[in-house]
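**Q** Below, each chain spelled out in residue letters.
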Amino acid sequence: DGGITQSPKYLFRKEGQNVTLSCEQNLNHDAMYWYRQDPGQGLRLIYYSQIVNDFQKGDIAEGYSVSREKKESFPLTVTSAQKNPTAFYLCASSRTSGQYNEQFFGPGTRLTVL
Amino acid sequence: GDSVTQMEGPVTLSEEAFLTINCTYTATGYPSLFWYVQYPGEGLQLLLKATKADDKGSNKGFEATYRKETTSFHLEKGSVQVSDSAVYFCALSDRETNAGKSTFGDGTTLTVKP
Numbered sequence: 029d030g031g032i033t034q035s036p037k038y039l040f041r042k043e044g045q046n047v048t049l050s051c052e053q054n055l056n057h058d059a060m061y062w063y064r065q066d067p068g069q070g071l072r073l074i075y076y077s078q079i080v081n082d083f084q085k086g087d088i089a090e091g092y093s094v095s096r097e098k099k100e101s102f103p104l105t106v107t108s109a110q111k112n113p114t115a116f117y118l119c120a121s122s123r124t125s126g127q128y129n130e131q132f133f134g135p136g137t138r139l140t141v142l
Numbered sequence: 075g076d077s078v079t080q081m082e083g084p085v086t087l088s089e090e091a092f093l094t095i096n097c098t099y100t101a102t103g104y105p106s107l108f109w110y111v112q113y114p115g116e117g118l119q120l121l122l123k124a125t126k127a128d129d130k131g132s133n134k135g136f137e138a139t140y141r142k143e144t145t146s147f148h149l150e151k152g153s154v155q156v157s158d159s160a161v162y163f164c165a166l167s168d169r170e171t172n173a174g175k176s177t178f179g180d181g182t183t184l185t186v187k188p
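Chain order of the listed sequences is E and L. Each residue of the first sequence is one higher than the one before, counting from 29 in the numbering used here. Each residue of the second sequence is one higher than the one before, counting from 75 in the numbering used here.
The set of hints was computed from the structure by calculation and includes no laboratory data. All residues carry an ideal CB built from backbone N, CA and C; glycine is no exception. All the pointers check out, no bait thrown in.
Label-pair ranges, simulated between beta-carbon atoms:
#, chain 1, residue 1, chain 2, residue 2, range
1, L, 77, E, 50, 26 to 34 Å
2, L, 114, E, 105, 22 to 30 Å
3, L, 88, E, 70, 20 to 28 Å
4, L, 144, E, 111, 39 to 47 Å
5, L, 84, E, 40, 25 to 33 Å
6, E, 80, L, 104, 23 to 31 Å
7, L, 141, E, 45, 46 to 54 Å
8, E, 88, L, 96, 22 to 30 Å
Below, in silico cross-link-like pairs of lysine to aspartate or glutamate (EDC-like), each with a Cα-Cα straight-line distance of 20 Å or less:
#, chain 1, residue 1, chain 2, residue 2
9, L, 126, L, 137
10, E, 111, E, 87
11, L, 134, L, 158
12, E, 111, E, 66
13, E, 37, L, 116
14, L, 175, E, 87
15, L, 142, L, 128
16, E, 98, E, 52
17, L, 187, L, 150
18, L, 130, L, 143
19, L, 175, E, 100
20, L, 187, L, 89
21, L, 134, L, 89
22, L, 175, E, 58
23, E, 85, L, 168
24, L, 175, E, 52
25, L, 142, L, 129
26, L, 151, L, 129
27, L, 142, L, 76
28, E, 85, L, 76
29, L, 175, E, 82
30, E, 37, E, 52
31, E, 85, E, 66
32, L, 142, L, 168
Over the 12 Å line for every Cβ pair with chain L, so calculated as not near, a few chain E residues:
#, residue
33, 39
34, 41
35, 47
36, 54
37, 100
38, 105
39, 107
40, 141
Whole structure, please, built from the sequences with the hints as guidance.
**A** Quick look at the structure:
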């Protein structure tokens with residue numbers, strides 16, 4: 029079955045450490061996205077990529093970094109510069125053309141900084 | 075820029091009650107419209123979608139009609155169940171300008187009591 033996988037589901041990190049969240053899709057989508065969701069809040073866009081080897085900052089990119097070396101993969105690194113990284117992180121993908129360009133979401137990674 | 079405004083929550087209903095969650099949008103182009111649902115601890119799932127004026131999206135008893143004249147896409151269900159308890163997000167994507175990127179509302183939390 030096609031879909032998006034995120035790993036791990038739960039992640040714990042000590043302050044000052046960088047951590048990388050994995051996101052893989054087998055939907056052959058060109059575009060991929062990372063969102064942050066805080067308790068009781070909506071989605072905030074961190075980074076997005078519409079083609080391999082290219083990506084753009086979203087609304088809250090500070091303290092985060094990404095890479096897009098393969099179409100299927102879009103890992104997110106939460107760096108020590110991110111002041112409040114504890115949150116639920118969602119990865120998504122979509123087509124970039126056509127009428128039905130809805131986003132397909134992974135199950136999420138819950139990051140807790142200890 | 076594009077924006078989506080959702081009815082503020084939380085919304086609490088008794089089982090078998092009628093549900094309406096309001097959604098209005100602002101877009102520079104001619105967007106596709108979506109409703110997503112998020113169950114606790116999970117990613118978002120597409121609930122229904124519509125791509126042009128007067129289209130009605132429907133799924134699992136939920137419906138929403140694309141109203142261009144009022145720039146609205148209200149979600150309705152005639153008889154809610156406890157299992158419908160979730161967070162509902164309205165979203166738009168301008169297929170001519172955004173190449174898959176979506177704008178999301180803040181989400182509306184629905185709780186259905188037996």
